[in-house]
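**Student:** For reference, the chains in residue letters:
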Amino acid sequence: MTPTQAAPPTHIEPRPETTRNRRDRHHRGAARWIVLGLLVAGAVAMLFPFAVIVLNAFKTPADYSNSGPLALPSEFYIDGMIDFWNRVNFGQKLWNSIMIAGSVAILAVVVSLFNAYALGIGRVKGRLSIIVLFLIANMLPHEALVYPLYYMANQVGLYNTQLAVIIIFTVIQSAFGTYLLASVFGTFPKEILEASALDGASRWQILWRVVFPMSRPTLSVLVVFFFIWTWNEFFIPLVFLISNDKQTIPVALGVLEGDRLMDATTTSAAALLGIVPAILFFLFFQRTLARGISAGAVK
Amino acid sequence: MTTVNTADAKQRRRPRRAAIGTGERSPVYWLYLIPGGVLFTAVIVVPFLMNIGLSFARWPGVGDISWIGFDNYTRLFADDTFWTSFKNSVAMIVAMVIVPTAIGLVLASVLFDIIGKRFGAKTASTLRAMYYLPQILPVAVAGIVWGWILRPQNGALNTLLEAVGLDGLTQNWLGDPDSALPSVMAILVWVQIGYPVVIFMAALQRVDPELYEAAELDGAGWWRRFRAITIPQIRPEMFVVALTATIASMKVFGPIYVLTGGGPGDTTNVPSYFAYQHFFERANVGYGAAIATILTLIIIALSIVFIRFQARSERKERGR
Numbered sequence: 078m079t080p081t082q083a084a085p086p087t088h089i090e091p092r093p094e095t096t097r098n099r100r101d102r103h104h105r106g107a108a109r110w111i112v113l114g115l116l117v118a119g120a121v122a123m124l125f126p127f128a129v130i131v132l133n134a135f136k137t138p139a140d141y142s143n144s145g146p147l148a149l150p151s152e153f154y155i156d157g158m159i160d161f162w163n164r165v166n167f168g169q170k171l172w173n174s175i176m177i178a179g180s181v182a183i184l185a186v187v188v189s190l191f192n193a194y195a196l197g198i199g200r201v202k203g204r205l206s207i208i209v210l211f212l213i214a215n216m217l218p219h220e221a222l223v224y225p226l227y228y229m230a231n232q233v234g235l236y237n238t239q240l241a242v243i244i245i246f247t248v249i250q251s252a253f254g255t256y257l258l259a260s261v262f263g264t265f266p267k268e269i270l271e272a273s274a275l276d277g278a279s280r281w282q283i284l285w286r287v288v289f290p291m292s293r294p295t296l297s298v299l300v301v302f303f304f305i306w307t308w309n310e311f312f313i314p315l316v317f318l319i320s321n322d323k324q325t326i327p328v329a330l331g332v333l334e335g336d337r338l339m340d341a342t343t344t345s346a347a348a349l350l351g352i353v354p355a356i357l358f359f360l361f362f363q364r365t366l367a368r369g370i371s372a373g374a375v376k
Numbered sequence: 330m331t332t333v334n335t336a337d338a339k340q341r342r343r344p345r346r347a348a349i350g351t352g353e354r355s356p357v358y359w360l361y362l363i364p365g366g367v368l369f370t371a372v373i374v375v376p377f378l379m380n381i382g383l384s385f386a387r388w389p390g391v392g393d394i395s396w397i398g399f400d401n402y403t404r405l406f407a408d409d410t411f412w413t414s415f416k417n418s419v420a421m422i423v424a425m426v427i428v429p430t431a432i433g434l435v436l437a438s439v440l441f442d443i444i445g446k447r448f449g450a451k452t453a454s455t456l457r458a459m460y461y462l463p464q465i466l467p468v469a470v471a472g473i474v475w476g477w478i479l480r481p482q483n484g485a486l487n488t489l490l491e492a493v494g495l496d497g498l499t500q501n502w503l504g505d506p507d508s509a510l511p512s513v514m515a516i517l518v519w520v521q522i523g524y525p526v527v528i529f530m531a532a533l534q535r536v537d538p539e540l541y542e543a544a545e546l547d548g549a550g551w552w553r554r555f556r557a558i559t560i561p562q563i564r565p566e567m568f569v570v571a572l573t574a575t576i577a578s579m580k581v582f583g584p585i586y587v588l589t590g591g592g593p594g595d596t597t598n599v600p601s602y603f604a605y606q607h608f609f610e611r612a613n614v615g616y617g618a619a620i621a622t623i624l625t626l627i628i629i630a631l632s633i634v635f636i637r638f639q640a641r642s643e644r645k646e647r648g649r
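Protein sequences appear in the order of chains A and B.
Numbering-wise, our numbering puts 217 at position 140 of the first sequence, and it's gapless, one number per residue.
Numbering-wise, our numbering puts 455 at position 126 of the second sequence, and it's gapless, one number per residue.
These are calculated hints, taken from the structure and not from any lab test.
One thing to keep in mind: the hints can contain errors.
Partial selection, computed: residues in chain B whose CB lies under 8 Å from chain A [to be verified]:
id, residue
1, ILE465
2, GLY484
3, GLY583
4, TYR586
5, TYR605
6, PHE608
7, ALA621
8, THR622
9, VAL634
10, PHE638
We put the beta carbon where it would ideally sit given N, CA and C, even for glycine.
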């Protein structure tokens, strides 16, 4: 995924070049620039929505209604965004999202680790059917769980609490984590486990002193994925988090948009506030994400 | 060959030694499944079974439950909205699986095979990141962005069309029954495209570069290499993308909630939003549960078909 890894093909380049006939080379020379042009045009089109949002997030409402959404702002206007931030208490939404996604990421990885330790290393009886069960759980639409969960949460007083959302997503994410980790642990070097057992380590010690440190790269990929997946979740947080002060960023923005109460520039400022954390994660975790995506694809 | 043999031998020796060493398959490991098992039962197994049970009941969410057998299902099959919502699921599959996979295949192959080799890996990975960017947004936020762009009055798209002299094409994109579903589909294509691009490009990294070199030396153009090397080599990833994206497209909820609320009329309603309406807006819990149960059955059936199909084509591949 990294540029260094992908580099080799460019070094092999000269060899086919010499054997290809001249007309072909000229033809190809022009064609590749056209291809590049098309791809860049496509990429710019993909980014167009982001550009328009940024452009209008810093406009005064008057400026927007006079010169429309495509003109450059006549002044750099940030009051609209500050106003929106204060009105919806965005700082709190940010904290709610971080708290929920962060707790889920850590807890789900711990649960996955325990499950996978029993399934992948302990190889308990019937492990295959248990893994299939987790896999099916991963496919289930949340709609098939949501009403009973809502009802149960009401019964035990967890409705409209972040704890309910954390518990639910810990389980949902760990269903995937268990499946992935169990297959990774299936190839864990047995010699190391045996050596530690001969040294008198208990299973608990083997888990934390041997298996955990050795699988840290995979676990960190899972933490990042669980965090971002939970951050982006909409349906279950929408159902479970009713009061304003408990909502996550996607829910708060989605509900506001659904109400259609905001003017154009405020909406674009709000959208930008929703985009920024996602882009920061992307830049921050790019390596991890790329590693995880390719690992997930091979499975 | 020799390395494979020694590895085999080692593996054959292993079980006996392991049995003495760590006490493999010790029942003690079950203890580690307890926390996960309890949570899993409480959050997935029990609610799932309860949901199936509720689909045989009439219940407004409070008070007494009346059991009505298959009534919800027979009513569903006579309900136009139900059929519309599943027809729209097919549109979601087109928008999230078929179109993005087709475009993604071409993009990934061009980025890898032409851009990466002629303009450097940096150019290719920058372009890849640009195509992937919409994927990182929370779907609700992507919905807000597009809802904003498609505003009928003074919206960015309509303004752009007017600016280039295509006034005739301006629309109330999400409010007109004729254009609402195509608009939602276009937005989902935008959201989804980065996913196959990234996975297919990662897949192409593991393809032996000599295959491409040899084909190029033999004078095979991009299209020939695409058909003869790229597609067969990344077939496993195509299955993964198709399966996961199909499941995701059956579950679409956020974009519909934010963009159209299923409307105008029911033209953009989808099963999950349809179920949500009955659960939480109309207090028809049994009916909602029946929709969710059917949705689940369809997803499981689709997955089985996919996995079967994949296993069969893998067998064929090996048989060749």
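**Student:** So, for every hint listed, does it hold in this structure?
**Tutor:** Do the hints match the structure? See the list:
Nearest Cβ of chain A to the Cβ of ILE465(B): about 5 Å, under the 8 Å cut. The hint holds. A least Cβ separation of about 7 Å between GLY484(B) and chain A falls short of the 8 Å threshold, and the interface hint therefore holds. Taking 8 Å as the C-beta cut-off, the interface hint given for GLY583(B) holds, the closest approach to chain A being about 4 Å. Contact between TYR586(B) and chain A, as hinted, is supported at the beta carbon level, the nearest pair being about 6 Å apart and thus within 8 Å.
Checking TYR605(B) against chain A by beta carbon gives a least distance of about 7 Å; that is within 8 Å, so the hint holds. With a least beta-carbon distance of about 5 Å to chain A, the hint placing PHE608(B) at the interface is held under the 8 Å criterion. Here the hint on ALA621(B) is kept, as its CB sits about 4 Å from the closest CB of chain A, short of 8 Å. Hint status for THR622(B) relative to chain A: holds, with the closest Cβ pair at about 7 Å, below 8 Å.
For VAL634(B), the suggested interface contact is broken, since its CB lies about 13 Å from the closest CB of chain A, more than 8 Å. Evaluation of the PHE638(B) hint against chain A yields a violated restraint, the C-beta minimum of about 16 Å exceeding 8 Å.
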